[in-house]
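Participant: Given these sequences and hints, build the entire structure.
Just so you know, the protein sequences line up as chains A and B, in that order.
In this text, residue positions in the first sequence follow the numbering used here: the first is -8, and each later residue adds one.
In this text, residue positions in the second sequence follow the numbering used here: the first is 56, and each later residue adds one.
It should be emphasised that the hints constitute simulated quantities derived from the structure, not laboratory data.
Stretch by stretch, here's where chain A covers chain B in the computed footprint (C-beta under 8 Å, at least three residues):
#1 114 to 122
#2 378 to 388
Simulated restraints, written as ranges between beta carbons of each label pair:
#3 B/D67 / A/I419: 29 to 37 Å
#4 B/E269 / A/I419: 48 to 56 Å
#5 A/N357 / B/P94: 37 to 45 Å
#6 A/P473 / B/D325: 56 to 64 Å
#7 A/D474 / B/A197: 46 to 54 Å
#8 A/L482 / B/A197: 47 to 55 Å
#9 B/K394 / A/A177: 12 to 20 Å
#10 A/P256 / B/Y83: 40 to 48 Å
#11 B/N297 / A/T466: 56 to 64 Å
#12 A/E205 / B/F361: 52 to 60 Å
This one's a predicted model, so the numbers in the text were calculated from it and none came from an experiment.
Idealized CB from N, CA, C, for every residue including glycine.
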Amino acid sequence: MSATLETRKNVAIMFAGDSGDGIQLTGTQFTDTAALLGNDISTFPNFPAEIRAPQGTLAGVSGYQLHFGSVEIFTPGDGCDVLVVMNAAALKANLKGLHTGGIIIANTDGFDAKNLKLAKYPDGVNPLKDSSLDKYKVYEIDVTKMTRTALADSGMGTKEIDRSKNMFVLGFIYWMFNRNMDNSIAFLKDKFKKRPDLVEANLKVLKAGYHFGETTETFNARYEVKAAVMQKGEYRNIMGNQATALGLIAAAKKSGIELFFGTYPITPASDILHELSKHKNFGVKTFQAEDEIAAVCSAIGASFGGSLGVTASSGPGIALKGEAIGLATMLEIPLVICNVQRGGPSTGLPTKTEQADLLQAMYGRNGEGPAAIISASTPSDCFETAYEACRIAIEHMTPVFFMSDGYIANGSEPWIFPQSKDLKPIKIEYAKERNPEDAKFLPYKRDEKLARPWAIPGTKGLEHRVGGIEKENETGNISYDPDNHELMVKLRAEKIERIADYVPLQTIDNGPAKGKLLILGWGSTYGSIKTAVIEALAEGYDVAHAHVRYLNPFPKNLGEILFNYETVLMPEINSGQLIKLVRDKYLVPAIGFNKVKGMPFTSTEIKEKIVELLKK
Amino acid sequence: MESTLAPLTAKDFVTDQDVRWCPGCGDYSILKQVQTVLPELGIARENIVFVSGIGCSSRFPYYMETFGMHSIHGRAAAVASGLKAARPELSVWIVSGDGDSMSIGGNHLIHLLRRNFNVNLLIFNNEIYGLTKGQYSPASPAGKITKSSPMGSIDHPFNPAALALGADATFFARSMDRDPIHMREILKRSNSHKGSSVVEIYQNCNVFNDGAFEVFTEKGTKKMETLFVETGKPLVFGDGGNKGIKLDGFTPTIVDLTAGASANDLWIHDETDRVKAQILSRFFDDPKMENHLPRPFGVFYEEKRFCYEDAMLAQIAESIKTKGDGDLDALLRGKNTWKIN
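Facilitator: Below, the structure is given as structure tokens:
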């Protein structure tokens, strides 16, 4: 009997297991294959902070949700249609996300007495054996046993064999969704090219999983998700942190400046370092500093020398960098600070997402130390946003915060990658050499953008001293003069404000230009808001969506837009930070909609809020 | 044809800023020696950068007619590391005090040294916090009575020489503000060393810690308390060179050359000897202690080791050699793409 092929527009799969089960790898492999076959996709890896949390426990569950479709996809999905669980804890932790009627694929070996106990099921209760899962379609597979059987002759130890369990699952899911395995086969061959025995073992298990689906008559349905109707063009799949790194490299290459990246490893920002350090042939200098302070200071030193100094971190690390960012504000030199936000305060939720560092970027320095702030909204958008951060830092001689968060940093999506010729030019002008007969060089004399000259060591006649003590206007000499200090504070603030003259106006992403309700978002809430607004518009609700990239300064027309709607709703993954800035600047009675659970908004949550507000 | 430019003089390194150290501060002498030595080094003025942290010493860049950055507390080493990595061709000098470099900047100090950036680090050691008006510093001797230690400091002091060598510094030397000739010599040596050169300069803070190093600088006591080391020469000190130091196993012992000890048995200084340099760095006795060892001055140790910035450039060159010059379009494209028509 052959399985029937059912066509679906979009499917969300959640892979869940023990951290160490290879869940993330399984997820990314399926993602890459789906992307290559032309589906639109969005992913959400969700894993514990511990490298190896206690095996089999709820705390140790690692998950990877993937939403793919033949239609446009903006989020990893509010829930899932297929839940793959390697053990009882993975089921318990994720069952609430599974849609009624959804499919559970369970590794029965992970439901033995020990695993059930670790997952805190009451004695004698096995969800696979009682009727608690009746509203789902449950497929039980003894993945462990079949993996071991497949590799019985391999000469490998049990422990090593069990490590390839995830490939069995991947193979089976490929069968279920009617995918070919070429991409994963090529991947495994490359990954283990120094260990032919591992290549052979993994391929064997992968194929065993696929053939299991084909030969076992239990499974009578297969699904097909056709390629999406997407914007024409050439695509690749990209993760947020990777896009950030590429944006930095592109800005450096395009402007002919050397990129210096000083950083200290921290979740979830480290992948930017990992990606950049692979591309030394672009002249990229990566410096893994001894601490966060050295990281930002080294970037400042590099910028002083005429390179583009960049540092990256997450909230706790940004806190440590605060004093040095103030120094860069005073030195008025380019500096890009990437903040890949996570839950806080303090160490907070290292692997969970949050948008709670906006006020830290805005105000987190002593004195009045304004900096520009821009924010990425999707994984691929990290590219353009990082590129813009570099452009603003260089052209306006200022520190710029590039805001991202764990959700988009680790998530991935298809991307129509740009051609280098189409990237916006970045103008770099170092101050020119001077002769003894020329007028004295004034290091703090400003241009029309209020930017001071970038006078780098090695240029004759420009010898000058900068530092963190208040500068006298134009000369840059130390000055304690009260009037001068007030003037300089105002000039530094005005310099940031003036950036608004050089950035695009705010646009409406979706919906009418005037109306009842505007959803104003920033950062990674983009996908959930977009999906919710599309649905609400289809149902006839008067709602629009605008997403702000430029957070300081705001685009010049933002205030105008806000007053075109009766109500402004601002969803944020924090207790209300952008809303403070918006209310402060425009005195608009915006309504906050907040979630602080280390988790992104679902589109359903936003949709319900829209309905609630418009039904009143 | 233009005539060749006149060589630079000390005056060319003087800025138009008023020097604002207290009258009688040891920093004046150090500034003078640096300004005197620089023209002799043959480095174009625009290629010289002074980077400092916070403290009295750290005002130094304002007084040098070169490029300079007065950064933030303790971080000069980190700023200089980034600058040197970005621009290896520059001559980078870090000016720091004992508090700045060994307290708040301690972490950056040791990491600068292990990485061995080719920079010159001048530590102005006055064993006190001057700018914050007189608290004990990590270099202050135990028992030191200051504003923040009215009953005497209970902190065990840092030994800068041992600290630097412990962090695998490739060059360590000690000099003092009241010995300009010696200081100029040491500054030149420091500049010619390729790698991180640490020069500890004993500097008198005549307001908050006056006379801290008097025994090493005053005529009456200097001979007995100081030991000037020079490679190939025996360790001799005292009145008319009447005392010497001999190694008894690994233990340095003072011998009296006028009382039968032979000059041939003395420790001959060898600045390439790491073990001996470690022993020498431990000549850190309290001068009030009986039979104490004299305090050494001069170059303790010098070693050739690759510099961080060179290795960084070498990796970039290697990467270009194997992968070719970075092609942005190829990078943006990645390995796996698909088309939608």
